[in-house]
Structure formats: structure tokens, C-alpha cells
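Fit chain B to the known structure of chain A by using the hints.
For the protein sequence lines, the chains are A and B, in the order given.
Counting from 1, position 244 in the first sequence corresponds to residue 244 in the working numbering; the numbering is continuous, with no gaps.
Counting from 1, position 175 in the second sequence corresponds to residue 175 in the working numbering; the numbering is continuous, with no gaps.
Hint data in this document are derived by calculation from the structure and do not stem from the laboratory.
Hints are supplied without guarantee of correctness; some may be wrong.
[Stated by the list, open to error] Calculated cross-link-like contacts (lysine to aspartate or glutamate; reagent style EDC-like; alpha-carbon spacing at most 16 Å):
| # | chain 1 | residue 1 | chain 2 | residue 2 |
| --- | --- | --- | --- | --- |
| 1 | A | K341 | B | E255 |
| 2 | B | K341 | A | E29 |
| 3 | B | K341 | A | E121 |
| 4 | B | K341 | A | E17 |
[Said to hold, decoys possible] Far from chain B, by Cβ distances over 10 Å, these chain A residues were calculated:
| # | residue |
| --- | --- |
| 5 | V20 |
| 6 | F44 |
| 7 | E95 |
| 8 | D110 |
| 9 | P155 |
| 10 | N233 |
| 11 | K237 |
| 12 | T256 |
| 13 | R362 |
| 14 | E372 |
| 15 | R416 |
| 16 | Q421 |
Think of the CB as a built atom: it goes at the ideal place given N, C-alpha and C, for glycine as much as any other residue.
Protein chains: 2
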Amino acid sequence: MRPLTIDSLNPALLKVEYAVRGELAIKAENYRVQLQDGDRSLPFDRVISSNIGNPQQKGLDQAPITFARQVSTPHSTQPRRDSPSALSQIAALTEWPALAELAPDVFPKDVVARAKELLSEIGSIGAYSHSQGVPFIRKNVAKFIEERDGYPADPNHIFLTTGASAGVSLLINMLISSPTSGILIPIPQYPLYTATLAQHNGQPIPYYLDESKDWATSIADIEQALDKAHKANIVPKALVIINPGNPTGSLLSEETMTQIVHLCEKYSLVLLADEVYQSNLHRPSTHPFTSFKKIVCKVQSHVPLVSFHSISKGVTGECGRRGGYFECHNISEPVVALIYKMVSVGLCPPLAGQIGVDSMVRPPRAGDESYELWKKETQATHDALASRTQTMSDRLNGLPGVSCVASPGALYLFPRITLSQAAITAARQHGKEPDVFYALALLDETGICVVAGSGFGQKEGEWHYRLTCLCPGVDEYVGKLEKFHRGWVEKYGEA
Amino acid sequence: MRPLTIDSLNPALLKVEYAVRGELAIKAENYRVQLQDGDRSLPFDRVISSNIGNPQQKGLDQAPITFARQVSTPHSTQPRRDSPSALSQIAALTEWPALAELAPDVFPKDVVARAKELLSEIGSIGAYSHSQGVPFIRKNVAKFIEERDGYPADPNHIFLTTGASAGVSLLINMLISSPTSGILIPIPQYPLYTATLAQHNGQPIPYYLDESKDWATSIADIEQALDKAHKANIVPKALVIINPGNPTGSLLSEETMTQIVHLCEKYSLVLLADEVYQSNLHRPSTHPFTSFKKIVCKVQSHVPLVSFHSISKGVTGECGRRGGYFECHNISEPVVALIYKMVSVGLCPPLAGQIGVDSMVRPPRAGDESYELWKKETQATHDALASRTQTMSDRLNGLPGVSCVASPGALYLFPRITLSQAAITAARQHGKEPDVFYALALLDETGICVVAGSGFGQKEGEWHYRLTCLCPGVDEYVGKLEKFHRGWVEKYGEA
Chain A
1 MRPLTIDSLN
11 PALLKVEYAV
21 RGELAIKAEN
31 YRVQLQDGDR
41 SLPFDRVISS
51 NIGNPQQKGL
61 DQAPITFARQ
71 VSTPHSTQPR
81 RDSPSALSQI
91 AALTEWPALA
101 ELAPDVFPKD
111 VVARAKELLS
121 EIGSIGAYSH
131 SQGVPFIRKN
141 VAKFIEERDG
151 YPADPNHIFL
161 TTGASAGVSL
171 LINMLISSPT
181 SGILIPIPQY
191 PLYTATLAQH
201 NGQPIPYYLD
211 ESKDWATSIA
221 DIEQALDKAH
231 KANIVPKALV
241 IINPGNPTGS
251 LLSEETMTQI
261 VHLCEKYSLV
271 LLADEVYQSN
281 LHRPSTHPFT
291 SFKKIVCKVQ
301 SHVPLVSFHS
311 ISKGVTGECG
321 RRGGYFECHN
331 ISEPVVALIY
341 KMVSVGLCPP
351 LAGQIGVDSM
361 VRPPRAGDES
371 YELWKKETQA
381 THDALASRTQ
391 TMSDRLNGLP
401 GVSCVASPGA
411 LYLFPRITLS
421 QAAITAARQH
431 GKEPDVFYAL
441 ALLDETGICV
451 VAGSGFGQKE
461 GEWHYRLTCL
471 CPGVDEYVGK
481 LEKFHRGWVE
491 KYGEA
Chain B
1 MRPLTIDSLN
11 PALLKVEYAV
21 RGELAIKAEN
31 YRVQLQDGDR
41 SLPFDRVISS
51 NIGNPQQKGL
61 DQAPITFARQ
71 VSTPHSTQPR
81 RDSPSALSQI
91 AALTEWPALA
101 ELAPDVFPKD
111 VVARAKELLS
121 EIGSIGAYSH
131 SQGVPFIRKN
141 VAKFIEERDG
151 YPADPNHIFL
161 TTGASAGVSL
171 LINMLISSPT
181 SGILIPIPQY
191 PLYTATLAQH
201 NGQPIPYYLD
211 ESKDWATSIA
221 DIEQALDKAH
231 KANIVPKALV
241 IINPGNPTGS
251 LLSEETMTQI
261 VHLCEKYSLV
271 LLADEVYQSN
281 LHRPSTHPFT
291 SFKKIVCKVQ
301 SHVPLVSFHS
311 ISKGVTGECG
321 RRGGYFECHN
331 ISEPVVALIY
341 KMVSVGLCPP
351 LAGQIGVDSM
361 VRPPRAGDES
371 YELWKKETQA
381 THDALASRTQ
391 TMSDRLNGLP
401 GVSCVASPGA
411 LYLFPRITLS
421 QAAITAARQH
431 GKEPDVFYAL
441 ALLDETGICV
451 VAGSGFGQKE
461 GEWHYRLTCL
471 CPGVDEYVGK
481 LEKFHRGWVE
491 KYGEA
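Just chain A, with the same shape it has in the complex (with noise of 0.2 Å):
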């Protein structure tokens, strides 16, 4: 009998990489785990898991709700749910839809007749639902996106998802049609792409944001891109354009898009458009955001586009859901039936996430009784993120060789360390890549869990982490990681 060894497994999965779970995460759980059994021997008392946008992980205790509590009452440490959102009451009696009756009064009335109406066209959620999603939470998708863009949406053309990396998944192992075809990806760029790319033994085509510009993309470095991939024969399929970007933060103005499209049209690429993070402006009025879908309209290209959004992000951030979706717009039929027999392997979307993202796209309107808190709390919550995004990207742009652009846009801040020689040396002695080294110092020192710039791809010889700006109590956090700076350079050296 042989033993199953990693030899005799497909290659292409060892290739993948995701650096925002990876070494230093898996090193961040195992802290996380021994404090609980009781180890006093840790210089910090808790691991702060920076490393992945995750609004309501337990420990964080600023989950978006709790953000608007936080503003009028400061260090309360009341569990979010005591204060539920409207989802999650909305969830509670599509579980349980004679709670209503039973617990009269506790319940807002839209809330109930929304629960109501989804449950009568679901049924149950413990059931499957159609492959695609419920066609009316489909329906709804498509309403919203017609009155955020002022163009038309066809629920038919609108899949419902397991957040929004199934959907890219999916769309990569579509396109990837050969071993020499690549798509084109930013760099620094969420991990999910390089992953999935892997994973289906595609090329990643690597285009660079410019940070000196606070990452814009530009029209000249895509196109460098393609011909370096054209010299090499990878046949490009499709560009990823990230906006708000992932991890920079950064939004593309429409001037910018609509080149990018036409780009798109004069090489024949499929547009994949992650959008994500779409709701998280923090200065909207000099840095909005326009939908893709919006500007291919708006030109009348042609251009087959596909673009992603999930219930993870925004301000509800309800991660544990899996819920997301996807729209295709100028993608034929027969490549939709396709998109569709594919996602029938796989059954059905969770229920849970489906009724995410029909609050997502159906919020509180005026008049409704859970608006005024609803209103209230968002926009708190929209206060507290883009308030402590500049003042974090202020104190580490203070910092002895760090520089950092403050995000107008999404979780995160991606700041830049210059690294001394010593550092490196150090670094590559242990095996490691210099930011890796200096984001597990972070983590031993201070508990906080960080993503070092190398999983996301960053020009040679740089060195940058990702940090969410989800943090509880931003003076603390931020202090210590100034703390650790400061002793870092003490140590090896100002570069």
C-alpha cells in the first residue's frame, strides 16, 4: 500500500498561494488558542486579527452595528446582537415565521412583512432553491442595480453566489480554456485571483498600480502588460479591475473607466469587475464610486463585462452568510447556460447568504419602522470607518520609513516600510521574506495579525502589510503598533 503523498496530488494545486490565511494566520489561531487555555506567558492579552476584513469577528468588538453604540457610549462592551440588525430579524423569522406571534411587539412591522414575503416565495430555506438563486431575491438584485446605474438589469443574467470568490472562482476556471491563456491582474491584487489562477494552471498577467499617484491605473502599464505577455504567448482573456481596490483602497474615477473599456474592446478581454467593496466610500464626495456597468452603458460597448458583489463587506459585513452575487452583461446565452449548468453542480447558494443579499439590495426606505435606526447606524458606522482610516494612515505616516496613502475606499491600508539592510539580511537568514519577518515580529510582540505586502504583490525590492482599518479602540491599536516600529527600528537600523 502506498501512502496518498503530496507528489501524487495535482500540481497546480500546489502552486496556490493565500496569504491572507496563510503562515502567519495559522501562527495567529495557534496565539489565539493558547491564551485561551490559559498561557500567561504571551506579551499581549488577545490576537487582533487585521489580516482579513471580517466587520463582526468576536473579539473585534466594533462590528459595524456596534460602531454607532461605540460613538455614543465608548468602551461598552455589550455583544453586538443585543442590538440586532434588521437582517438578523429578518433571518430569525425565516426560521422561525410564528415567532412573530409568539413574541408580538418585538419584531418592527416591515421587518415582519419582509420575512413574510420571503418566505413566501422561498418556501423554506431549508430547502434548495433554484441553481441561481431565488428568482425573486434575483429580481430585487437587478432593481437595485438599475437604480444605482440608471440602466436596465435582467434577473436572468444576475447568479446568486457563496460570496463572491465562488463567483470568481468559477469565472476563471471558465476562461482559463488552455495553459497558455492569462488574465490580467493589479498588482498589489487580492490574493483570490493569483489562487484561482493557480488552481486552474492559468497565467496571471501582471499590471502595476502606480503609488506614487495613491494607486491609480493607468491605461499605459495594462498595456505594457499585454505585450510582455504577447512576447511570452499567453493569450490574454480577461483584465480584473479591483474598486474600490483591494488592498489600496484606491477608486477609479470615470475618466479612467471608460478607457479601461474601451482597452478591453480594442483587445477583445472579458471585463471582471470586483466591486465589493462598493458601499465603503469613506470620502465620497471627491472619491464615488461608478459601477463598470454603469460606464459600458453609458459608452454602449460592447464589451462582455462580469461584475461581483458580496454581503461581506459594506457595513454590515455579514462575512459568515456567504452571500454575494454576480451580473453578466453582453455575455451570450450560451456561455450563461454554461455559467448555469455549472453553478447546478453545486446545487443551490446557502439560503442565508440569498436573504444577505436581499437586505443588502432592499435596505430600510423612509417611512419604514426600522429606518431612522438603520440610518443612523450606517452612517455612523460609515463616520467611525473613514474617521479611523485617516487618522491610522496619520500616525503610521509618521513613522520613521513607513508611508502610507489613506484609502479613500474599502477595509484596508496598505503602508509601505522601507527596510534596512540588517533587517533583510535577518529576514533572509531565517528564510523569509522581509515583510513576512517583520509581520511576524508584529505578531509575537503585539498579538496583531497582519497580511505582509508580499501575498498580494508589490514591485521588487518594496515592502508593504495590509491592515484593516476594523480595530478596536483605535488609540491602543494604532500605539502599539507604533511601539513595535519604533523598537523594529532600534533594533536593525533606519534603511
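The following block gives chain B in isolation, referenced to the frame of chain A:
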């Protein structure tokens, strides 16, 4: 601008077939929309989806819990959720914990305690969990396996999944290391296997189950298939066993299972045990379920085993929550680490599904407030399903040209239909497989949607279909099948 065409996409995906949600299911869905829109021209007033084991489906009105009510109150039209399962109550409380105080005396004490315990481990069901699943729930799964089998289970080797399908798909993706890699699959099989093999460019190595022996698995037939594969230069990597069978409902004896384990040793095969129907047993005294984990441990084998389970089947049938797990046994740590890396790219399985797994592996115990009702209802569900399966197979066997093994397990029957030459000719003239032609006619005339045998695989020149035993009013339902079949024989003659 070239439009995006099918030819430019991954050719592997074009080969994917998934009949359970294919042509027939799409047509059935269209009929359902027609009926909803008030169309009265159809010869039926509702569509009955017998194509998929979806116990809680709307319109079936015999979802598991309701079975109990139907037994005592025939023709009840109350919706199921008036009598919530403990899982629904727990899920409602994890959505909004304060409900326990806001609606006192509404929730059983054990349910309140369970929800509190789960939340203290999970934090928020809106947050990402550990990619492998909440550690506490994995520990409970391990205890369940230990109690079931009498052998230890390791929570670190258990992965919670988005239904069993997601796990099967990942394992197949991992095992197919080149286009000559093959996986042994039973014929007939659940088409997830052929679909996933096609998607990942692997070769199915079919071995036939013996209908004349109640769909028994024969070691000789598997060895014959291995021999054929060897001659075709296909490298067998794994053996899939579905026990209880889908679509056959058959159950393996411990003797056969032991032989299978030895066969896997002999040929260095990974054993993939699909055991999602393990609690759907209609005649447990003569046809009990034994897990492969137990046999592998009992004979102290080193065969690498991955066994799959799901919350979508059993007596609760919580399909829409998308929950399941797989256990790795005799799988080396580097391979487990690779699996972890792959699941981490998808972030985590839905929390609603994870909570569903917890309820499945920890049902109420004697002495708990929920126990008596749970016991009564699940027993009634088991009894009703067993009696329906028997009644349906008896009556199908009474039809000319139909023979049907009375399944001892799972949710299906897989009757064989002999078709006359006239019927076969008519089918070919319509460009259809004869069993698909039969199933389409059945749908058009009665609104009953089944899956043609060709979707599962069958011997050359044989025809079958799969139907679920989850049907509203067995008399009316089988009556429709009988009337249709007699009309068919009248039209096309006996074989």
C-alpha cells in the same frame, strides 16, 4: 471587439453534464412559472419535483417534520414551520440571542442553552469562521463519529463544507494530477462525480452495480474495470463508493466493505466514501449502515479514506443551509495542510450550515426538553419514508415492463423500464435518449419531474429513471405514474 463565445472557454466545462438539474428540471421550472402566472392550459395544476432529494421543498408539503403531522392529521395544509425543528429554534436564537428574554417560555431550555453555547464559540454568525469550520463544531463531529464507530476521530482532520458536494469536488480536483488520472465510480452514480471529473479533466473509470442482486457491488466488476483502465493507460487514483447508494438505495455488507478496503490496499487507491444517506435506512434490522471509517479501523488498514456526510439528507433534509463535512483518515499531514490551503481560498463554509452540522451530530438526548418531540417526529419520518418506498416500489413492479428494486436506504427508487422498439424509434426521431423521451412525456402529462437513467449511467440498451420517495399523497402520486405508464404502453406497445 470579438464577442465572448463558447468556443473560447475552457473546453473541459463543455463536457460537464448534470442531469439532476438539466433539461427536464429546466422545463419543469418553466411549467412552474407558467402555473404561477395563471396559465390553466396545462394538464396538471402543480409541478412535482421528484428529480432531487429536497425534503423541505415548497409544495411538497411532506417535509420531514410534517410527515409526523400528516401521519396523525391527514391532509393537513399547515406550513411546516409552525412546528419548528430544534435547529430552526437554535438558528433563530443565534440570529438574535435576546429573543430568549424577549420571548420567554417560547424556546425549550435545552435549545436556549445550545444556542448560547454555540454563540460563545462562534461569536457572530455574520463573521467568517476558521476556514476548516468552527473548532468546537469539529470537536462535536469527532465525538459523533467516535460514538457511531467505536474508534477515535481527530477534529483537525475534519473539514466542514458547503454541503457534501463542495468537499467531493475539492477532493477530485486534488486527486486528478494529469489527464490520464482516473477515478472509479459506480454505475449508476450520482452525476456530481462525472460532472466534477469532466470539469477537472479526469477520467471516469466506471464499474457496474448488479441490478439483479439488488444493486450489489462486486469486487470482480471493480477489478475488471481496473484492468480495462490499465489497458487504456488510465491511472486509477481513487475509488468512489456511495453507501447507501444514490440512485440505487442499496447498502453494503461489512463483508463487501472489508473486501473493498483490501482492494484499495492492493491497488493503492484512495477510498472516497459518500455516506450522505447514512441515516436514511428503511429496513435497518436487515440492512444496517456501517461506515468505512469503522471497517478501515477494524481491519487496521492504512488505506487513505475520505468520508463525506451532509445535513441535506437524513430526516431533516436541511439542503438550503448548505452544510456538510468530510473526515480524512490515514491522510498525511502535508496533504491535510494542502486541503486546508485550498479551503482557505473560499474563506469558510456558511455558518448556518455549520450550525446545522452541529445539530445533526448532537441531536436532543433523553432528558432534554426537546427530546420527546424530536424522537417522535424523526421516528414517524423514518416510518413514513420506509412505508412510502415500499408502497411505491410494489406498485411500480405491478406495471407492465417495469421492475424496481425496493431500496433499503436513501430517498430514491430507480425503476427499470423496458421500452418497445416503437418508443425507441420515436425518441431517436426527436433526438432524445429513450429514457429522456419517456421522462419528458411524463413531465408534460403529469407535471412530475424525474431524472432519466442516462443521467446516472446504465448498461447499454437499458433504461431507468430516478424518482424521490418524497412525494405528496402517495396514492395520487403513484396513480399518476401508473396512468401515464399505461397510456405510454398503449401508445408504443410492450417491449
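Structure-based check of each hint:
Taking the CA atoms of K341 (chain A) and E255 (chain B), the gap is about 39 Å. The hint is violated against a cut of 16 Å. In summary, the hint linking K341 (chain B) to E29 (chain A) is supported, as the alpha carbons are separated by about 14 Å, within the 16 Å threshold. For the proposed pair K341 (chain B) and E121 (chain A), the alpha carbon gap of about 37 Å is over 16 Å, so the pair is violated. At roughly 8 Å between alpha-carbon atoms, K341 (chain B) and E17 (chain A) fall within 16 Å of each other, so this suggested pair holds.
Its closest Cβ contact with chain B, about 8 Å, brings V20 (chain A) to no more than 10 Å, contrary to its assignment away from the interface. F44 (chain A), annotated as away from the interface, keeps every beta carbon of chain B farther than 10 Å; the closest lies near 19 Å. Distance to chain B contradicts E95 (chain A) as a non-interface residue, since its nearest Cβ pair spans about 4 Å, not more than 10 Å. Every CB of chain B is more than 10 Å from the CB of D110 (chain A) (nearest about 16 Å), matching its label as outside the interface.
With a least beta-carbon separation of about 12 Å from chain B, P155 (chain A) lies farther than 10 Å from that chain, consistent with its non-interface assignment. The non-interface label for N233 (chain A) is consistent with chain B: the shortest C-beta to C-beta separation is roughly 17 Å, beyond 10 Å. The beta carbon of K237 (chain A) is not kept farther than 10 Å from every beta carbon of chain B, the shortest such distance being approximately 7 Å. Residue-level check passed: T256 (chain A) sits 19 Å from the nearest beta carbon of chain B, beyond 10 Å.
No beta-carbon of chain B comes within 10 Å of the beta-carbon of R362 (chain A); the shortest separation is about 18 Å. The claim that E372 (chain A) lies off the interface holds: its Cβ sits roughly 19 Å from the closest Cβ of chain B, which is beyond the 10 Å cut-off. The beta carbon of R416 (chain A) sits about 26 Å from the closest Cβ of chain B, which is more than 10 Å, so the claim that it is off the interface holds. At roughly 32 Å, the least C-beta separation between Q421 (chain A) and chain B is larger than 10 Å, which holds for a residue marked as non-interface.
Going down the numbered hints, you'll see the structure goes against 1, 3, 5, 7, 11, while the others check out.
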